[in-house]
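*Asks:* Sequence:
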Amino acid sequence: MGDYDRRQSGGGGYRGKKRRYQQDDDEDDRRGPRRRQDAPPHVRVRKQLLAIAENAMRPWHEEVQTIANLLTDNWDDELLRGNFVELVLQLTVEQPLKTPFLAAVVLVVNTNKPELVDMLLGNLAGLVEDKVKSGEWRGVKLYLKLLACLQSCLEGDGIFPLLEELFSRAVDLQTASSEDTIGTELVKIILLTLPYVMSSTAQDQWHQKAADLMDKTDIIASEPHTLQVLIDPYHMQGEQESPAASSSLIGLLQKQLQVEASRGWELACLPRPWVMPPSDIELQNKLVECTKHALPSITIPTQVIAGPRPLFPEVYYSVYMDQRVESVPPVTSIAASVVRDALIDTLNILDYNRNVSARHLIDVDCYFAPRTFAARATPFDRLREIEPPKSTWKPEDVAVDAVFSQLFLLPSPEHKLVYYHSVLTEACRQAPAAIAPSLGRAIRYLYSNNPRIDLELANRFADWFAHHLSNFGFTWKWTEWVDDVYLPDLHPQKAFIQGSIDKEIRLSFAQRIRNTLPDPYKPLIGPDKDQETPSFKFNNDQIPFAAEGRELASLVKRKAPDEDVQSVIERIHSMALDAGLDPLVTSTDIFMTAVLHVGNKTLSHVLAAIERTKDRLLDAGAASEAARSQIISAVMAYWAVHPGVAISIVGKLLNYSILSPAAVVQWTLIDRIGASRGEALAQTHMYELVFNTVVKVTSRVHQLVQKSAQLRKEVEAAAAVLAGMDVDEDPRKGDGDEAGKEAAAAAAAAAKMLEEVQATRDAEIKAMRDLFRNVNDTLSSWANGMKDDMMETADGSNAEREQIVTRWGARWLRVFNRRAAIEEAFLSDALKEGVLPRSTNERKVT
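UniProt numbering puts the sequence shown at residues 1 to 846.
The hints are simulated quantities; they were obtained by calculation from the structure and are not laboratory data.
Accuracy of the hints is not assured; some may be wrong.
[To be verified] Calculated lysine-lysine pairs in the DSBU-like style (CA-CA distance at most 35 angstroms, straight line):
hint	residue 1	residue 2
1	Lys113	Lys47
2	Lys131	Lys209
3	Lys537	Lys713
4	Lys133	Lys601
5	Lys133	Lys113
6	Lys522	Lys601
7	Lys713	Lys601
8	Lys494	Lys652
9	Lys696	Lys752
10	Lys707	Lys614
11	Lys416	Lys113
12	Lys696	Lys557
13	Lys557	Lys494
14	Lys522	Lys416
15	Lys696	Lys741
16	Lys752	Lys713
17	Lys559	Lys131
18	Lys559	Lys614
19	Lys494	Lys131
20	Lys601	Lys559
21	Lys522	Lys614
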């Protein structure tokens, strides 16, 4: 009976139904509805501003007027006024798609409370100056976009004098150096601001100003940048012209704006939420005759900096080129640039929330003029049925295209590649019927163009493709590519298929992937792939040194003393000498294989095993080049069926300095690729091995350059403190006060640390340049068909194969030449800023 509770209410804190529900039928219950609690005005304005333009069913002018009226009706609320100005400026740089709508609210408020605009412009001018000083050029562009939308309420020429001053700085920078990228960025900002200026008013008074400014920008925009050829996403063969050869972003912008100017600045794609319907003619007249405001002075410093992110020229790239029907704006239309620019900014700013980022991309048609896009989820085959002047631009294609433009941005996108993977995945989940077909056509375009796109992008495509399939059950219409399965392994299409399947297996397991493939593909996944842990070759007594290999594995596993391990190693040395083998190479192979076998459960296991045996491996690697090479050979041989694991282990061995970057490059480019007569150039994991190694080296150089710059500032600050003290800088001399001695000691310690870091930095820079030089020399031989392994068979009998190998060599070479050029540009910028000494400017690798 202990479990029985006699209380009718059920006991504890639970009282069953509330009494009011028990009295629903009581006619005497006359209680009114619950009292409504209205949120404070600043909360309501905030909610409405955050959601502005997101509801496609609500007219823009209604939203704009509702927010503006709520603000003016509660004008005495100081918190509301401050929050409104702050939120408008914050949304401008956080949700750029909404900028015209925010400007429309400000313009409507200006008809009633013009003093708010003065508050906004004062804060905005200060923010623009701060962004210019810190080199945050995207922030500058977005704030200027807001100013451009407010052009109709600015006095005089409004924003044009500021744009003229920016152009003046661009000219100075370009005159000083043809390789300058800040000037190119300034011209891009000017050209992207102009459309919003011209759409902000229906008057013709700015046409001549815009024409004069465009005449000036044409000088810089029409000249291709020296780095453009290296960041072209296409790598054409022979004399073929790249589809992106004339697709410099600022060059396209210049031409697009010239076309718009010839049409009277129609700018049909841009929203104009400040244009009211005929029923609101009174408000429209107020907007036209509104109070004008002077734009506060914005000072552009004579010396401008690149900022936290390196700047590079940009090329317009689309995965929907050459279609039967245009599903994205053509490069001749200004919509191609302004829509892409707003989407890219949104994508890169909202990196902290992929769900919101994907939602903004899907809702792109809410933020541009009506009839700019076709209806959502319109099948591609139905687009041809749409008659002009209706648009055939699919909003899903435009959104997907914007993400791929960042995923395939050279030299590198703003965020990690996996972020762009996740946005595409999230968009597919939120709107599968609309996004999935668009992704399918993008995949087909990329696959068909795989042989002619840059090799780095081809590998990014394979990474994304495998990752994306892993989120949707690894399903794809593989039958479309079934004929390519029978191509030679050297063919780019076959290499892509094999590389993608290997990456899928890394994300799952072999049997599951095999079950998703049609029968012709299944031989590509051998039965050995089903083994999650490789077999230990020394379990076979027919293998030389089998007993010693098993003994070493046992010793490593039970963490035996080093003396026990050394005795087995010495025995192996003796046996190897008797067999005429290199004793160090032989013992290194056996020992490394034993370590790998002990740690074959997980990456953590192998790292623990390497950590325990690190000293012996360091000694072996330092003893001879052949031993270092054998360490890599042992890793790659043991994990041959799972090369992704091998690549991770080699990366860890580089971190421990057991291997050197030069050793990895030599093993891959000379030993492995040479032994296969170039066949390994088509293997994805070989490319990953070299690419990851180079990235490690360059990242290390960047860290040391930044650290030396930081330490230098600390030393200068310490010296300034000492200069203000009357104390001997040597703490060992004199009887100065204790604080002075401590300051002198701190300054001396900082100076010593700086000297050590600078020495390490200079050594790493030299090693990086040597590495790039070796890569360039080796790959140039393959790219030019001069490699001995190729020349031996150059009798015409296998000319096609040698031509493909040469092409692979050229594709590899372009990737690493670009990397070298980027690092030289980085060092050059550091040199200009005084971070590096002049002696570091030892040019050049490529």
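*Asks:* Take the hints in turn and mark each one as holding or not.
*Replies:* Hints, one by one, checked against the model:
Pair hint Lys113 plus Lys47 holds up; C-alpha atoms about 21 angstroms apart against a cutoff of 35 angstroms. Straight-line distance between C-alpha atoms of Lys131 and Lys209 comes to about 26 angstroms, which keeps the hinted pair within the 35 angstroms bound. For the hint linking Lys537 to Lys713, the alpha-carbon distance of about 56 angstroms lies beyond 35 angstroms, and the restraint is violated. With a CA separation close to 53 angstroms, the supplied pair Lys133 and Lys601 exceeds the 35 angstroms bound.
Taking the CA atoms of Lys133 and Lys113, the gap is near 32 angstroms; set against the 35 angstroms cutoff, the hint holds. Restraint check: the Cα-Cα separation between Lys522 and Lys601 comes to about 26 angstroms, which is no more than 35 angstroms; the hinted pair holds. Under the criterion of a C-alpha separation no larger than 35 angstroms, the hint pairing Lys713 with Lys601 is inconsistent with the structure, at around 47 angstroms. Distance restraint check for Lys494 and Lys652: the Cα-Cα separation of roughly 30 angstroms lies within the 35 angstroms cut-off, and the hinted pair is therefore satisfied.
Simply put, Lys696 and Lys752 have alpha-carbon atoms about 26 angstroms apart, close enough for the 35 angstroms limit, and the pair holds. Our distance criterion of 35 angstroms between C-alpha atoms is met by Lys707 and Lys614, whose separation comes to about 28 angstroms. A distance of roughly 45 angstroms separates the Cα atoms of Lys416 and Lys113; the hinted pair therefore is violated under the 35 angstroms criterion. Proximity of Lys696 to Lys557 is assessed by CA-CA distance (about 31 angstroms); at most 35 angstroms being required, the pair is judged to hold.
With a CA separation close to 41 angstroms, the supplied pair Lys557 and Lys494 exceeds the 35 angstroms bound. Distance restraint check for Lys522 and Lys416: the Cα-Cα separation of roughly 33 angstroms lies within the 35 angstroms cut-off, and the hinted pair is therefore satisfied. Annotation: proposed proximity of Lys696 to Lys741 is violated, straight-line Cα distance about 41 angstroms (limit 35 angstroms). A distance of roughly 14 angstroms separates the Cα atoms of Lys752 and Lys713; the hinted pair therefore holds under the 35 angstroms criterion.
With a C-alpha separation of about 58 angstroms, the suggested pair Lys559 and Lys131 falls outside the 35 angstroms cut-off, and the hint is violated. Distance hint between Lys559 and Lys614 is fulfilled; the C-alpha atoms sit about 13 angstroms from each other, no more than 35 angstroms. Between Lys494 and Lys131 the CA atoms are separated by roughly 48 angstroms; this puts the pair beyond 35 angstroms, and the hint is violated. For the hint pairing Lys601 with Lys559, the CA-to-CA distance comes to about 17 angstroms; that is within 35 angstroms, so the pair holds.
Of the pairs offered as hints, the one joining Lys522 and Lys614 is violated, with about 40 angstroms between alpha carbons and a cut-off of 35 angstroms exceeded.
When each numbered hint is compared with the structure, violations occur for hints 3, 4, 7, 11, 13, 15, 17, 19 and 21.
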